[in-house]
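Since the structure of chain A is provided, determine the placement of chains B and C on it from the hints.
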Amino acid sequence: MTATPGPPPALEIAGLKKSFGKAEIIRGVDLSIGAGERHAVIGPNGAGKSTLFNLITGRFPPSSGAIRLHGHDISGKAPFEINRMGLSRSFQITNIFPRMTVFENVRCSLLWAQGYRYSFWHMVNRSRDLNEGAEDILEQINLTERRDLPAGVLSYAEQRALEIGITIAGGANVIMLDEPTAGMSHSETDYIVNLIEKVTENKTLVMVEHDMGVVFGLADRISVLVYGEIIATGRPEEVRSNPKVQEAYLGAALEAEH
Amino acid sequence: MTEPDQKHTPPPARTPVRARPAPVTLANALPWILGGLFLLAMPFIFQSNSAITIMNQMAITIIFALSYNMLLGQGGMLSFGHAVYMGVGGFLCVHIMNWGDVFALMPLPVLPVFGGVFGMGLALIVGSFSTRKAGTIFAMISLGVGELIAACSVIIVAFFGGEEGISGDRTYGLPFFGVEFLHQIEVYYLTAFWLMLSALLMFLFSRTPIGRMANAVRDNPERAEFLGYSARWVRFYSFVAAGFFAGIAGGLFAINYEILTEENLNLATSGQILLVTFLGGVGFFFGPILGAILFTLLQTVLSLQTEIWQLYVGVLFLATVMYFPGGLAGVLMMHALPLRLGRAGLLVGPYIRTLVPAVVCALGAASAMEILFHLRHAALGESEMTLFWITFDSHAPLPLAIAAVAAVAGFWLARRSAPAMAEAWHKASTPHGGAA
Amino acid sequence: MDLILVNLIDGLVTGLLLFMLSAGLTLIFSMMGVLNFAHASFYMLGAYFAYQVSVYLGFWMGLLIAPPAVGLVGAMIERYGLRRVHQYGHVPELIFTFGLALLIEEAVQFIWGKDQIAYNIPEVLQFTAFSIAGNSIPAYKVFMIFISVAIFLALLFVLTRTRVGMIIQAALSYPRTVEALGHNVPLIFMGVFGVGTGLAGVAGVIAGPVLSTFPGMAVVLGSIVFVTIVIGGLGSLWGALVASLLIGWITTFAKSYNLRMEDLLTGIGFSRPEPIWDSAWADLWTLTSPQIADILPYLLMILILAFRPYGLFGKRDV
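Chains as they are written, first to last, in the working numbering: chain A, 56 to 313; chain B, 51 to 486; chain C, 552 to 869.
The following block holds chain A by itself, in its conformation from the complex (with noise of 0.2 Å):
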């Protein structure tokens, strides 16, 4: 019985090279991702997490390798078209419209999802397909009661709920946040990872995190990067046991933990 050729993944990266200059700072990354699953990605500072994030989303084109999102080649394409085709990111320091209220953030969310485009004889106050789903999107992120705030008067874990809000509330499949728990408590940070369970229930995620307890708890498989490449790549107990793991990065945090 031959094997039928399944769905593309969801992300794979091929042979991705990234320099600045003299600088390479990206490798050599090979990295596939399937639909539904939860990625994390892992690795000291400096070891390029960002710019991979970055070459992902659209910020920089590659130096050289490709970029697969669903099979469609997205290397090198702006922001807005690969959002277009279904990606979609957070920030590591927060980044939303901090003058409009926190109800217009995540309604500008939904305009291009929605199909509205640059139009300019809608009125989006009449639209009850805007309204009502930026209502769900704000109780999912249960920051209904703050919704006629401007967003920079939100408090830190409030604000970092509101960019997760706005990064899936267009309705992107591949989720991409970048240390979503970034500088918060014990307590902030469970609430956010039962948020991000949440909302990405059934689609793909990929994230930056230093936290290794949201990383255990979280993550289908982890990707270690050092350097700029990956050195491992799989499930959370392969990836702690594996010794070349353990001597690059993990060591000291495990001796921590436990």
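No lab work stands behind these hints: they were computed from the structure.
Quick caveat, the model's predicted, so the values are computed rather than measured.
Do not take every clue at face value.
To be verified - In silico EDC-like links for lysine to aspartate or glutamate, alpha-carbon gap of 20 Å or less:
#1 C:Lys665 with B:Asp269
#2 C:Lys806 with B:Asp151
#3 B:Lys183 with B:Asp269
#4 C:Lys692 with C:Glu674
Then chains B and C, alone, in the frame of chain A:
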């Protein structure tokens, strides 16, 4: 792309906070109705021809300023060349007025549309390369294009009329319900109609998807890209829309003054509308309206009182940039929170103690400036001048001394009360017993 | 041949003048990220200050005192005005410098009036240096070239051979690193703004007598300076030099050689419409190079922005 995943969570209980599509309520429409009534009533309050002329000028400036704010306030794009879109729209309209065969079949009220379309056309061409980036580079391109077109105006005499410009006569259009627009008052109502219509359309534009995304791109272009929008195209459409409304202002200018010259295209005019809009306040829709009204008054009324009114405007502008970047509208809206909290009363005392000396200081400084100016530039032998209805000899030391003392004393007193004012503001803006 | 030489000299004078203005502007922009819309206004202040000093102490004292005075005014404005606005972002900074330009123009009118003032070439330079084929080259023009080149060399020396210059060069490319290394960046900013505006002041001092000193002189030159640094590349001093000379020569040659569109069109094969003023294309047919001389820089700028946004030598995107 999959639909937002709502099928896994059970439908949440509908809370009373749920929004329904906002109907056009009386509260929303009230400012517009009042504005319309106000416009209708104005000529009955100020009946002189010169007053009507000033009001026409104000109306045109308001439309122009509102269109400029579509770029600056709504889109975050600073343009030093916006006058060209108003100018070319106006020039086209004057040419149509001179095109006897066609104009005879056209009712005058329709004319501004052509100005708008032509302004929009130019904006389409320029915007295709100028809107790639916002910020400084956009400002520079707008400056270059503006100067280029203004400079071309003395070369392309056929369209721009060279040194004398192009003039026309608005009364040769098709009579509109018997009105031939011979009288200023008729022009006023035409201009007022277009003012209401343009303002309403520009307001509604800010409530459309493109209008909302213009705000988003202004605040965070990178984030907007990750919402599926090309920041460049959002800016482009805003730019084109702003060009359209500027062109309408140009058409109204043509109707009102029946002449357009190179002055309508140049950097001074572009700079002026920047000043007007910024003074009024870029952060609120009605800001440019306030700015246009204030500036027109300064330009027409203050200029009769003093020769150095532009110096005062310059100082005011710079002070606004440094201390009140929200403009007049921003200052007014600052009071919204204390009023809502019912604590505005806390501000009255400190206001009196700070503002009265500040006004005295300003008047004193202005008087000193006027005296100095007179001393320096008045014709030889002319030593008499009039200030605040008092005539005196400008060479006498006493008036200058009084003015200087008033300025210094006013400044000192205001400075002394400033901390108390700051504290009063803080108290008035925080809810009773709530966290700061 | 001789006419070419005359035009080369004239263009050189204009270009070097433009360079003094654009060098300061691009330096300020590189270091601080702010495009000083009021830069030409400091040029104007230089001329007016020099005039005022020359009334009491003569032209040469004016040359000595006015530029530092202008630089001092610039430094004060940076310290007490621009720095305040800096926190709001680049657009408010640009609006601030625009308002500053407005205010300086009004202040100049307030103090010195609206008419042109009698700021003249010093008597000692009022002679003809030499003649080329009947065109006399005034000594003052030679003097202008001399001073401009001297300043350019001084600038080069400071930037490449002194410690301050090294710091400035470093900050041109890596401002944050320079700050991290412990240098007092606010002081450097104030200094750079002061020097930049002082350079503009020098240009005003020497250009005032020939280009006439009046309140509108900043507006005349202002836009061209921006065009120059955009063409040269924002942040590049060499670019500013090349672009300034280029613009100086292009405009001079265009004005001097009366190239007529009529000749070009008849040369291709079109025939001139008679009478010319009835034709719809009259403007095109009567086009001459002196007419478009002042527009050429703008056209060049738009071309550069459309096809090579970094300018000729620029490395940084805005």
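Exercise for the section: Quick one: which hint numbers does this structure break? Sort them smallest to largest. Expected result: 1 and 2
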